[in-house]
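Enquirer: For reference, the chains in residue letters:
Number of protein chains: 2
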Amino acid sequence: MLHRNVFLLLLLVVAATLRSRADDGYRLWLKYDRIADAAPRQQYQRAAQFIANPGTTPVLRAAAGELQRGLSGLLGQVVPVVAAAGSRTGGIVLRVDAKASANGQPLKPEGYHIFSEKQNLVITGRTDAAVLYGAFALLRQVQMRKALVGLNLTSNPRINFRLINHWDNQNGTVERGYAGSSIWQWYEMPERLDPRYTDYARANASIGINGVVINNVNASARYLTAEYIGKVAALAGVMRPYGIRVYMSVFWAAPKVLGGLPTADPLDPAVKQWWTAKSDEIYKAIPDFGGFLVKANSEGEPGPQDYNRNHADGANMLAQALGRHEGVVMWRAFVYKANSNGDRFKEAFEEFQPLDGKFDPKVLVQVKNGPIDFQAREPFHPLFGAMPKTPLVLEVQLTQEYLGFATHLVYLGPLIKECLEADTYAKGAGSTVAKVVDGTVDQHTLSAIAGVANIGSDRNWTGHPMGQANWYAFGRLAWDHTLSSKTIAEEWTNMTLTTQPAAERTIVDLMEKSRNIYVRYTTPLGLHHIMGESIHYGPQPWLAKAGRPDWTAIYYHKGDSLGLGFNRTATGSNALALYKPEVQKQWGNPQTCPLDYLLWFHHVGWKQPLSTGRTLWNELCTRYYTGADSVLWMQKQWAQVQPQVDPAIYTDVAARLQTQRKEALWWRDACVLYFQTLSRQPIPAPLVPPTRTLAEVKSLVTIYQLK
Amino acid sequence: MLHRNVFLLLLLVVAATLRSRADDGYRLWLKYDRIADAAPRQQYQRAAQFIANPGTTPVLRAAAGELQRGLSGLLGQVVPVVAAAGSRTGGIVLRVDAKASANGQPLKPEGYHIFSEKQNLVITGRTDAAVLYGAFALLRQVQMRKALVGLNLTSNPRINFRLINHWDNQNGTVERGYAGSSIWQWYEMPERLDPRYTDYARANASIGINGVVINNVNASARYLTAEYIGKVAALAGVMRPYGIRVYMSVFWAAPKVLGGLPTADPLDPAVKQWWTAKSDEIYKAIPDFGGFLVKANSEGEPGPQDYNRNHADGANMLAQALGRHEGVVMWRAFVYKANSNGDRFKEAFEEFQPLDGKFDPKVLVQVKNGPIDFQAREPFHPLFGAMPKTPLVLEVQLTQEYLGFATHLVYLGPLIKECLEADTYAKGAGSTVAKVVDGTVDQHTLSAIAGVANIGSDRNWTGHPMGQANWYAFGRLAWDHTLSSKTIAEEWTNMTLTTQPAAERTIVDLMEKSRNIYVRYTTPLGLHHIMGESIHYGPQPWLAKAGRPDWTAIYYHKGDSLGLGFNRTATGSNALALYKPEVQKQWGNPQTCPLDYLLWFHHVGWKQPLSTGRTLWNELCTRYYTGADSVLWMQKQWAQVQPQVDPAIYTDVAARLQTQRKEALWWRDACVLYFQTLSRQPIPAPLVPPTRTLAEVKSLVTIYQLK
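Taken in sequence, the protein lines are chains A and B. Those letters in the first sequence? Residues 27 to 733, per the numbering used here, in order. Those letters in the second sequence? Residues 27 to 733, per the numbering used here, in order.
Hints are computed from structural coordinates only; laboratory data are not their basis. Please note that the accuracy of each hint is not assured.
As the list claims (entries may be wrong) - Computed spacing ranges between beta-carbons, pair by pair:
(1) B:256 <-> A:622: 52 to 58 Å
(2) A:307 <-> B:721: 17 to 23 Å
(3) B:256 <-> A:307: 28 to 34 Å
(4) A:197 <-> B:528: 37 to 43 Å
Keep in mind the model is a prediction, meaning the values are calculated, not measured. Note that CB positions come from ideal geometry on N, CA and C, so glycine has one too.
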């Protein structure tokens, strides 16, 4: 009877404890909740009775620790870690083997192989990190309820450096961050290391990220001081067991600001010496330091051009300063002149393409996915395929600067894939951006990809719960760009929201369509850069004056009484000529140019019929309207999965979808009403004209720009 | 056997669940963890078998809900809520009674009385809010393990408006915030209301806070737009069930920026009309809106002086605009002229004291605790007691702008109490600041107190776990300023960290001494405003040039070859004359002036012997050294309580104390080395001179000011 009471009490406590732990999203896709169904759980229990880890290195301990944590949670019983399997079977064995291969092929240093051996599952690879990645892969199998019996799984990363770029400032703010403040608590370091850093490292390692640029490319010199190097070193110590190196963005004028030198000229011996000494100082504190990321002579940042040197002069000097150490220099190509008279589309190309072949072997040039700036849809950057002698880093933005901040549900898998799969024709058909970036087109040994973080101090990391999927998708694509956006969405959904098949399908479908829906209600048919000034929130297609002409909207949409769009063909800015002939051919003819890119390259008459059978004006209106209405569809789809999703997450997303619907209408109304002043055409039936006036919408936009 | 297995499994799950829930500090002092000892738990169980709530209003539901949540957690069993006790005994009865009194005295509208009746405990008061406060008081009894049997507890608030002031900006940053970004997610509102807002309201209600100014006094006009009024109204809906009204800080020039008027002159009829219409618009959305807080003609903010009107003209116009509604205007007295040639100490007094009697009855003037700006120790502001016809709001700062940010452990109870208990002698001895503020000295019916929030989006709200105590202490003192700082520290410690008596004593002792320790290693003997420029972090006593002379350090410490300190007697700025003669007498003589205020009022020779027997220089050095060494003592004390405190909290505080020790030495070395250049005296034995040079310390300070 006593036992029975205690039993009931325990039941109560368990119930209360479980009830009180609504999912706050902190655990991301590493939830490890107990598998509810007994049958599959017992199968996994039989296959994972122990973890044998003969290694004692921090990385192997992290791998074994994560397996133990994950499996114990998923299986509802503690899975012991032992040093060796001995004669035991039914367990998981970690094994580092410098000669490991799979299917007759040698593994890459970070590649893993999971296979059955003597009724155990072996996770092997040539390095500790490889085993760590294999451990996460095995956990993913269980999280997705896939069988372990007979598992034979091999995976190698296609890109060497898989980096998160933080645009985090030293004062705790995050440039273009919409998920709270920076997760880095600089004032507390090095003495206090927030446990969150470890969870951040775990999340990154689980998707194959192996480098983190800790600070904003608009960089403070602060990070290069001894004080901050000590702090960064402490952070590096947290990242190291998870196979992650830290990198820094550097302020070009640091030798002046910190070193007291009169110049930051890259060819000045004292400057070179300062950077060499600084690199040595950093490597003394952080032996596996990753290297430098540099934004120079861009948007007001200092750089080598201040001394009549070029980007290669600057990058090479830094590379030589790193000289004896292992690190690399990633030099950003996101530049455009202070007074751009031509077409900003062409500027990075014009500055960088002629420098191909002039960079030090330790330099990579970092190029945004498109030529302007992380718009909802851009054609691939023309530098891809145009600098065969230089390894190019693909930079994508995970934080939704131009994609609805943390209020709009936009899964970026399709956006990133669209760029990766775009064919540059650099070495004939099939020379995709992905293959340029992974080095296979031009046989580079260095390769890298960077995602600008969408995370912050918000409990759930990304503000929008579904924003986590963008972090996840980036990591997975950085590891293997051949994965489909849909596969990745399925993985993430299974691990994060539900394993119930119908709900999974509904959510994945919603995710997969979300980016095109966003494009339709904000910038259909190739419109771009018509968002709110400076804050980049909401629509402002009427913006005609700004600090620079290429910060206005009219610079980009070129709307007038005749039509809409930027003529970038030979009769216009001729930016199209930066692409290979095959691409030019595809996009150069307004009749064959995909509608998604139409207004990127052509000024099209309002009454011009398009391939859809509608005139430009009617198609434009139709897309704005159907786009905005698609958010209603998104809401309905989401409502369907309510029974399968944690209530806290469900409610959160449902509320954000309400905001998204409201703001989709805002975009729709702002854009059709404004463009109507140019087209002087009626909103085509059966679409119902907005009930508010353009003036009303304009004043709404103004609110979000009030200081 | 089956039962036994299930039982063991449950045990495991319970253990795992408990283990995995390290205390992240989110629950503040409302932890409600199950009482471990069976005997007291069973006693409480007998006294709290049900909660009878006959009321259906949101506030009563919140009260009953909180009691249920709290008691169910503490007692480890669900306590049911019923509509009426009927004949049941051993429960808790909520009762609103418009005529409620206690001990023959009528209760104030928010005052509560808890007493035994027919073997039930009755929580009564004249209003729903009173019962809510009583509910939290009852929970506090249990949290502190005090007996419920025979409980007879009455408490009335001494101040009407008990406000948190948020310096939160519309872009999500928090001015002088060190705990992440703003908790307000404006982009998501009104559709999404973060569950955190409810927990914020619960925490405030639990300590008697009844008003929240949601935005920074350096205000954006944004909050006055229809868009944002809708968002604020949604937030007000979350606060309302917890007895909390929302207030706004307003931007003086809003009629120009938003209304398109050519002026913001308070005497202009169109301006008046604009504010009247705006108030009506706000009250339509938020019927219980609290009112406006205004920072005008201060530090660059616009105000009525731009039109040659005075502060009363401005405040009265706003009060009349509120006219038909219930709200009030709180007008800040924190002003100092753009070119202050005299003594900033005197400026607010000189501008405001002459306006006494000229303010509308709905206006309160909000005065910081001291005359400069939230220094670690200030004499009370001379306006207290000098404006008998005007209700004065006491403004204290909970965010540690000048007290070590979120890295230093400084319990502010003693600081706030020091101000509250300071005697203004306005109506003879005993006319304390507390009695001026609560209205008893001058028979005001309006009374208010404001604390500038130290909270942000950090999981534990305040960054430093012990910073929570400052939020708590402010609320408790706002409710009842006669409570001792120590009593409040005991309450908070019991509710938040431990109920074990020896550990409680150790922690409370540490807290009680912490503020004086901070003063000793940063600004002993009445030094003030010698912190790092603009960022206010670290020491910078050598600061001689800044945007304004009164933003330097030398303006305040007046150090020279002869001595140190600001002569504010009749032979100096004569700021002392702003106080009543009794105060002047106390502080005017350097022989009798308390050493804590010495350099606030006197320029003292370096070799001048003080009451301690040491010269000024030797005393100064002694205090810097003993202050810095006291942090070692704090570390030792904290180490002692490790077994009694949650491991996550323990580790967090221990690490921050390490940083505090490092920075105490930084302050010590910076100050003694710099002042030594003036005193030209040796560091007195047995103190050991700093091993670093002044130049080294200066460069360390510079790091934290790098852009």
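Enquirer: Against each hint, give a clear statement of whether it holds in the structure.
Expert: Hint check results:
In this structure the supplied range 52 to 58 Å is violated for residue 256 of chain B paired with residue 622 of chain A, their Cβ-Cβ distance being about 36 Å. Distance hint check for residue 307 of chain A and residue 721 of chain B: the Cβ-Cβ separation is about 19 Å, which falls inside the suggested range of 17 to 23 Å. With their beta carbons about 53 Å apart, residue 256 of chain B and residue 307 of chain A fall outside the hinted range of 28 to 34 Å. Residue 197 of chain A and residue 528 of chain B have their C-beta atoms about 41 Å apart, which keeps the hinted 37 to 43 Å range intact.
Comparing the model with each earlier hint shows violations of hints 1 and 3; every other hint is respected.
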